[in-house]
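Q: Sequences are here, hints too, so could you generate the full structure?
In the order they appear, the protein sequences are chains A, B, C and D. The first sequence begins at 1 in UniProt numbering and counts up one residue at a time. The second sequence begins at 1 in UniProt numbering and counts up one residue at a time. The third sequence begins at 1 in UniProt numbering and counts up one residue at a time. The fourth sequence begins at 1 in UniProt numbering and counts up one residue at a time.
It is possible that some hints are incorrect.
Stated by the list, open to error - To give an idea of the chain B side of the interface with chain D (calculated C-beta under 7 Å), a few residues: (1) T43; (2) Q44; (3) S69; (4) L73; (5) P201; (6) P203; (7) H206; (8) F207; (9) V208; (10) V210; (11) A211; (12) P249.
In case anyone wonders, no lab produced these hints; they're calculated from the structure. Quantities reported herein were computed from a predicted structural model and do not represent experimental measurements. All C-beta atoms in this analysis are idealised placements derived from N, C-alpha and C, irrespective of residue type, glycine included.
Number of protein chains: 4
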Amino acid sequence: MSAAVQSAVLGATGYSGYELTKRLLAHPSVKQPALFRVNPDPTQSPNLADWYPQLSGNGYGQLVMDAFSWDALKAKGTDVIFFCTPHEVSRELAIEAGDRGFRVVDLSGAWRLKEATNRAVYKFEDHDPAQAALLDQQAVYGSPELHKYAIEKAELVANPGCYATSIILALAAWTNDGLIDLEFGVICDSKSGVSGAGKAPSPTTHFVEVADSLSAYSVFGHRHTGEMLEQLGLEASQLQFTPHLLPIPRGILSTIYVRPKTGVTAEVLEYSLKEFAVGKPFVRVFAPGKLPQIKYSLHTNYCDIGFQLSPDGSRAVLVSCLDNLVKGAAGQAIQNMNLMFGFDEREGLQ
Amino acid sequence: MSAAVQSAVLGATGYSGYELTKRLLAHPSVKQPALFRVNPDPTQSPNLADWYPQLSGNGYGQLVMDAFSWDALKAKGTDVIFFCTPHEVSRELAIEAGDRGFRVVDLSGAWRLKEATNRAVYKFEDHDPAQAALLDQQAVYGSPELHKYAIEKAELVANPGCYATSIILALAAWTNDGLIDLEFGVICDSKSGVSGAGKAPSPTTHFVEVADSLSAYSVFGHRHTGEMLEQLGLEASQLQFTPHLLPIPRGILSTIYVRPKTGVTAEVLEYSLKEFAVGKPFVRVFAPGKLPQIKYSLHTNYCDIGFQLSPDGSRAVLVSCLDNLVKGAAGQAIQNMNLMFGFDEREGLQ
Amino acid sequence: MSAAVQSAVLGATGYSGYELTKRLLAHPSVKQPALFRVNPDPTQSPNLADWYPQLSGNGYGQLVMDAFSWDALKAKGTDVIFFCTPHEVSRELAIEAGDRGFRVVDLSGAWRLKEATNRAVYKFEDHDPAQAALLDQQAVYGSPELHKYAIEKAELVANPGCYATSIILALAAWTNDGLIDLEFGVICDSKSGVSGAGKAPSPTTHFVEVADSLSAYSVFGHRHTGEMLEQLGLEASQLQFTPHLLPIPRGILSTIYVRPKTGVTAEVLEYSLKEFAVGKPFVRVFAPGKLPQIKYSLHTNYCDIGFQLSPDGSRAVLVSCLDNLVKGAAGQAIQNMNLMFGFDEREGLQ
Amino acid sequence: MSAAVQSAVLGATGYSGYELTKRLLAHPSVKQPALFRVNPDPTQSPNLADWYPQLSGNGYGQLVMDAFSWDALKAKGTDVIFFCTPHEVSRELAIEAGDRGFRVVDLSGAWRLKEATNRAVYKFEDHDPAQAALLDQQAVYGSPELHKYAIEKAELVANPGCYATSIILALAAWTNDGLIDLEFGVICDSKSGVSGAGKAPSPTTHFVEVADSLSAYSVFGHRHTGEMLEQLGLEASQLQFTPHLLPIPRGILSTIYVRPKTGVTAEVLEYSLKEFAVGKPFVRVFAPGKLPQIKYSLHTNYCDIGFQLSPDGSRAVLVSCLDNLVKGAAGQAIQNMNLMFGFDEREGLQ
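A: Shown next, in the form of structure tokens:
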């Protein structure tokens, strides 16, 4: 058990950064986080409560975001840095953070992928490619349900993507147990609320464009696909992932279609899921025939999973739900920090 | 070309019935429709404008719904009856309508299915099973894009289901042209607005239950599945259909996953779709790489279709959109009436 | 009755401009409108169907927006120009349009106000202040319900603001008839959908910021206040107008609180409203005790009005609703054009 | 400071009852609440997690609702009963609860009003009118900001209405300090999310009826009006309250229009609000010119208050926001319980 940990948040103004900060402020075992902005726009307020008035009056005092510098970070006594920054920024800063001895949880996509073919979609332009390649392999994929022990010792934890989390946690039990006939492929049809697209205004996040509608996007080649392939041990030809933009603020539901291998019954499939969930406090497996809905896991760190098997046993449909800003981002980041510093996995998340 | 047609609407108070009535009132070639209620609740207003105040002041005068009787129907000089009634009611009344010489467009699921195995899900309790069986075969599935000439002469048109329309129109070209490798199956993941669930209040349509959420339902065995199988010539094992309830009032988006046969290129797939759309004024095929969104077809009779092929050519994703109350119900019903009475297919629908 | 009129739309890509264009395309007495962009961004498509795919396939062919110039406008044989441009642009172009003999309907706030004190909020910077001042007085406030005959002959019609329309039409009868005790003031609490804020992305129109919330803004001094004062003949101290941003795409509801003069009964108030509505096809007065809701007038050109009087007769609450993009913008613009060119007021609006 | 308190919830399945139960489960100083249903429908599950699957897996075990009886209540060692029941039920049970020595927090409208004229709107049919009349006077209106010391000792706390809370807390400072010119009246225009209408399905809470719209209702004579009058010391003629139904699940925003007395400046008004908020941890007064929005207080127990004064000083507009299920119901109920049992007012509410 560690003494109180000092965390720092880089980029608290985005949706994930704000959700993270709010939860760090209420976390019983960490000090009030230090807040920093990287290359701040001087016309924008450094006071986080001006960005999120809901923070006012909680007794935290002024929540001022300082301009980021390594010295300022050190002066605060920082133990762990949360990068809530664009992946280009994370890519650059994480190397130096390691050199300076800071432990890091990176919420961007910068360090999640081991395979160069999967990283290609990000078009990283590394200043020191050799060092970056080294860190690519040292970084630990921050799925506590899959890599608990590695996370505990990790210097750099790559917090998983929101879509990836919803699909990896739903499928890991069955792929690990070899229950799926992969020849037929795995079809993942995901639907996400708009906060997944970030806080920057754009034509695609304008209220009028999103409301009363639904759209598919990145039908092939979404950046999170590589995470799913690597973590589930699938080949690209075996996995189809298509996201959709829902007219709701937050939440993801993934509908996953697979063919169980011959002889795999509903009982086997259920047993596999329940076994997987043992000791994983944020995985909720629903009773047979019951399926999760987005609203059940909103504002929580749960990933909810349910499935149904077709009457002839030839097809299974998995449904998983989570809150993209919690289990899909800030909550999972805190769960990772808890593991890194020896806290109970659930601290600050209930 | 017929003279002005007299139509009658049974059940104008539901969402489809209202949408139909509104469009019949504005149709240039039909008289003001006669409105009837079957077994009306005497505590409820017979004036349609009390149910839908948006109808007021359009110069149609009082839109009174009379109590249904065959004599009243005849007295109005009715040429065609639209059944916007529960399928049990349609199942019973359609037989007598035929005996009395009325042409019928039935918006329920009562007469859409030819195969007894597919009809089983409805659990029909026919008073005269032999006559019902006869009518099952005489009824014409009212998809103008598939059965135009049969509809023109039909006495009983079974207006297709909303989900079924979105999937049949998207897939018909490729299944007809034999472009899909059916061994891998066809996965249809559909999402619908709440009006598809009808106007009767229920826990599942309560605003608070639907808002900010998403849920899958009828993961296997939804009633519209049989229509898809029969119209596309697929076997049950080849088609997976799963609907979801969207927090929007209206509109359907279906995402459909297929494997093209070896050697079938994007050009072949596109050509097939475009050929299919020729002469079909309400099918819009999107340019390669562009996909429809729900908002594009709202309040129109279009079914919008687009697709993308994976870079390796092994998977195609079709997206189709329509307004469940228009092309998925009332608009398609009017399109059918137009064909039955020799009008231009587009009359009253633009 | 004029022969077919040639219209031109400047700025068809915004929400009002698109709504206008769509309705002009379907208008039975005008030719297909000429579309122009003022200082177009060359990186953006000139094809309107790329901005609004819902336009595709309607048989209008390519809807290309040309770069604006006076010569191009003349070459198209333009009779009337609709300015769907920022008010600064309208302020500049309208003067030259008049000099060149084009009739104009301006949808911006540039020419709506007669009083310099009311115009001050816009901070106009006129190149030729004298000519602008002249045009300020010549411009006709385009409320067909108030200024029908002036509109018929007008060269420049200033299409009213959306909020202003909802409040002016609700109050005009009672202020004209002197039924309100103005000493107590008139309180107007309005709520509008997000399209009223325009199509440009901004933090305040981001889906996540708007959804599940409500906010008041411009509590004092909103730009539309001046229109209300001038058209209703009120002094600033007598009118309070506060708008709110609703989490819906379109529609306005205004709740208006007044004190009737002593002795003014519900019957008098109702009679006044009904008298006002005579001959005004787009004003719907609801039966006593019934109130309009936003959904009743969506996608129509109606302004719906209802009221209730307190049991003691001391307070009346008026509720008015309209679609901000139709009666609050594009529909009213077409209504004005209809009057300017001798068409039936309702053409293209039903 | 009391030892752990045993609470009981009657009616945990409604929105307020569920919100309350969830918060009691997490409250650090109370035992797991006993759950009861009054006259339960035997076809409905007694397990609360079947009603709200989001409760699953939180480590609370089965949350079974027993059939209510006084003996069962006593057997659980109940110290305080929360009535989340219809007001008729609360009206009947509260009397016997007092006789049996249970302390009560009633979330219905049964016991909030002191004046018979105000109570008339509820049409109570008391079995023992004399005893009911006695309890009407003994019951304490459960606004901790107004009646803290009475609540501490109360046997029966009448938890305030949601609308009433939003208006009373916004106005109490200024009415107490005599800053408002009441001759001109106080106009309260409130807007509420749909959960305020309860969980029972009805035409007015159907998703399709609520979405994309807004409506005013109970324009005069809403049940919460009496609470406002009594708590603020106003006469009926001085207060106008009109609620509206917003297409969001939860949250209330009230816009309140008043005339300050001559000479009352913005500084005086602000000082009065800030003075009022001293020692009231759940009242947040916004900085001058800043106004609360519904999203700021969602899922919290705050009532947020801001105001602006017109440039000429003649009118002030107050805006207050709260979550109708938290500060407007369950959160305030817990705050009351905290006071009744000597806990910190904020326990279980942060």
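Q: With reference to the structure, classify each hint as holding or not holding.
A: Here is how each hint holds up against the structure:
1. Residue-level restraint check for T43(B) is violated (minimum Cβ-Cβ distance to chain D is 13 Å; threshold 7 Å).
2. For Q44(B), the suggested interface contact is broken, since its CB lies about 11 Å from the closest CB of chain D, more than 7 Å.
3. Of the supplied interface hints, the one on S69(B) is violated, with its beta-carbon coming no nearer than about 27 Å to a beta-carbon of chain D, more than 7 Å.
4. The interface hint given for L73(B) is violated, since its Cβ lies 28 Å from the closest Cβ of chain D, which is over the 7 Å cut-off.
5. Interface restraint check for P201(B): the shortest CB-CB distance to chain D comes to about 4 Å, inside 7 Å, so the restraint holds.
6. Using the Cβ-Cβ criterion of 7 Å, the hint placing P203(B) at the interface with chain D is satisfied: the shortest such distance is roughly 6 Å.
7. A least Cβ separation of about 5 Å between H206(B) and chain D falls short of the 7 Å threshold, and the interface hint therefore holds.
8. Hint status for F207(B) relative to chain D: holds, with the closest Cβ pair at about 4 Å, below 7 Å.
9. Taken as an interface hint, V208(B) checks out: its beta carbon lies about 5 Å from the nearest beta carbon of chain D, inside 7 Å.
10. Because the closest C-beta pair between V210(B) and chain D is about 4 Å apart, less than 7 Å, the hint holds.
11. The beta carbon of A211(B) comes within 5 Å of a beta carbon in chain D, closer than 7 Å, and the hint placing it at the interface holds.
12. For P249(B), the shortest C-beta to C-beta distance to chain D is roughly 5 Å, which falls under 7 Å, so the interface hint holds.
Of the numbered hints listed earlier, those contradicted by the structure are 1, 2, 3 and 4.
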